[in-house]
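The primary structure of each chain is shown beneath.
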Amino acid sequence: MDILLPEWAPNIHPMLIHFPIVLWLVAVLADLVSLFLAKSWLKNMTITLYMLGALGAFAAYLSGSEAIDMVSVPMQAELTASNHSDWGHYTFYFFTAYAIVRLFLFWKQWDKKKWLAIMLFILGAVGIGMVAQTADLGGKLVYKYGVGIK
Amino acid sequence: MVAAVAFTSCTQNKNSDNESKEVDSTEMMEKNHHEEGEAPEHGEVSGEERAHEHGSHDEMIMEMGGNKTWIPSGSGAELIQSDFHFISGSAENIKPEVKQVNGSAVLELNADGTPVAFVFHNQYDNIGMIAALKKLDFLGTISVIHHAKDLSNYEFVSIDGSNMKLGRVVNGKEEVFDESEFAANSDWMSLKVTAAGTHYKGYMDDKNITHGHGDKMEKGFVGIMLEGKGKVQIKSIEIAVLENE
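Chains A and B supply the protein sequences, listed in that same order. Just remember that the numbering used here sits 21 ahead of the position in the first sequence, which is counted from 1. Just remember that the numbering used here sits 52 ahead of the position in the second sequence, which is counted from 1.
To be clear, the hints were calculated from the coordinates, so they are not data collected in a lab. It should be emphasised that the depicted structure is a prediction, and the values quoted were computed from it without experimental measurement. Heads up, the beta-carbon is just placed ideally off N, CA and C, and yes, glycines get one too. Each hint should be verified, as a subset may be incorrect.
[What the hints assert, rightly or not] Some chain B residues flagged as far from chain A (calculated, every beta-carbon gap over 12 Å): (1) F138; (2) G141; (3) K147; (4) A184; (5) N205; (6) S214; (7) E231; (8) M241; (9) A248; (10) T262; (11) K287; (12) E290; (13) A292; (14) L294.
[To be verified] If you want a taste of the chain A side facing chain B, the calculated C-beta under 10 Å gives, among others: (15) V54; (16) L58; (17) S61; (18) S93; (19) V94; (20) P95; (21) K165.
Next up, chain A with everything else stripped away, as it sits in the complex (with noise of 0.2 Å):
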């Protein structure tokens, strides 16, 4: 995978974490709109990309994982790391848990009852404030500490 980096990456984390945020953004937005909508398209294209969201979390959970102990911490940046850290596996496994649920009622039709489109439409965007945790943390490891940065 390493012979895919561009030769200024650190490592392939970065290239992966915007999956996650893009494709979890769209599906809830996509979900907001199927409430309003009801078109067996949209619905399709919302489970896709809430599946391909948690596929995306568990890259980045993956090369996250190896990327810490790869790159140079400064000691008072370490907290945000671990938390950082800790966000990432909270979202990966939330992302995961959703995505399987969200498929089995698809599968059993089950999400084309209205009070529970609404309640899974709000997880959803719960799942949109842990991915903006996550990104915070991580964006400050970089911009405010450099971490990463050759």
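Since the structure of chain A is provided, determine the placement of chain B on it from the hints.
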């Protein structure tokens, strides 16, 4: 300018001749960044500025997340009694001497084989610590310990030859989080440990060697433990209180 201040937070009953120095290394770190071509962040407050804001109180700087570097000076025996206390062994077991090596004062310890652990007087929670060490003829294990309550309860990063071990001792029972080899040399080495939340890391010369996880421990003392025989030199010990943002 590097602000050097008397070690008032840790030193008791000492005179000016045997004072060690504690250096706020924030500016030193900034200087290094500048040398590497990095511009300081806008609005960044130096340790010295923070000291002025908070009445130049050493303890307050540590509370605010500044770095402190302990540097030996004066008489070894008086220094170790004033800046540290022992949770295992005594000064007689390590015969401390302050020597001049290449223009720098170093604390030389000559261990007689009795396990010795000496710690600073303050207790810390999330902490980072870097000890600049040199093994002369020392054979055995050198540990940086933290969250230490007593000899039966502490966390550690230890080196023995080219092996680094990271773990904790609870009620006398050792639990190893991670263990790995590193490229050992006979020169000065920088042994760093960080305890941030449930994440514990050990570095050698700024390279991460061990990384483990465990429950967060209550705050405790930080210091050095020697289990072995022979001479070890300590040039400095840097401490950083790690804080949430």
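Comparing the hints with the structure gives:
1. F138: 26 Å, holds
2. G141: At roughly 28 Å from the nearest Cβ of chain A, G141 (chain B) sits farther out than 12 Å, so the non-interface label holds.
3. K147: Correct as stated: the minimum Cβ-Cβ distance to chain A is 31 Å, above 12 Å.
4. A184: 14 Å, holds
5. N205: 22 Å, holds
6. S214: 18 Å, holds
7. E231: 14 Å, holds
8. M241: 16 Å, holds
9. A248: Nearest chain A Cβ is 4 Å from A248 (chain B), so the label is violated.
10. T262: Per Cβ check, T262 (chain B) is inside 12 Å of chain A; nearest 9 Å; violated.
11. K287: K287 (chain B) clear of chain A: closest Cβ-Cβ about 17 Å, beyond 12 Å.
12. E290: 8 Å, violated
13. A292: 4 Å, violated
14. L294: Non-interface label fails for L294 (chain B): nearest chain A Cβ at 4 Å, not farther than 12 Å.
15. V54: V54 (chain A) check fails; min Cβ-Cβ to chain B is 35 Å, beyond 10 Å.
16. L58: 41 Å, violated
17. S61: At 45 Å from the nearest chain B Cβ, S61 (chain A) fails the 10 Å test, so the hint is violated.
18. S93: 6 Å, holds
19. V94: 8 Å, holds
20. P95: 8 Å, holds
21. K165: 7 Å, holds
Violated hints for the displayed structure, listed by number in ascending order: 9, 10, 12, 13, 14, 15, 16 and 17.
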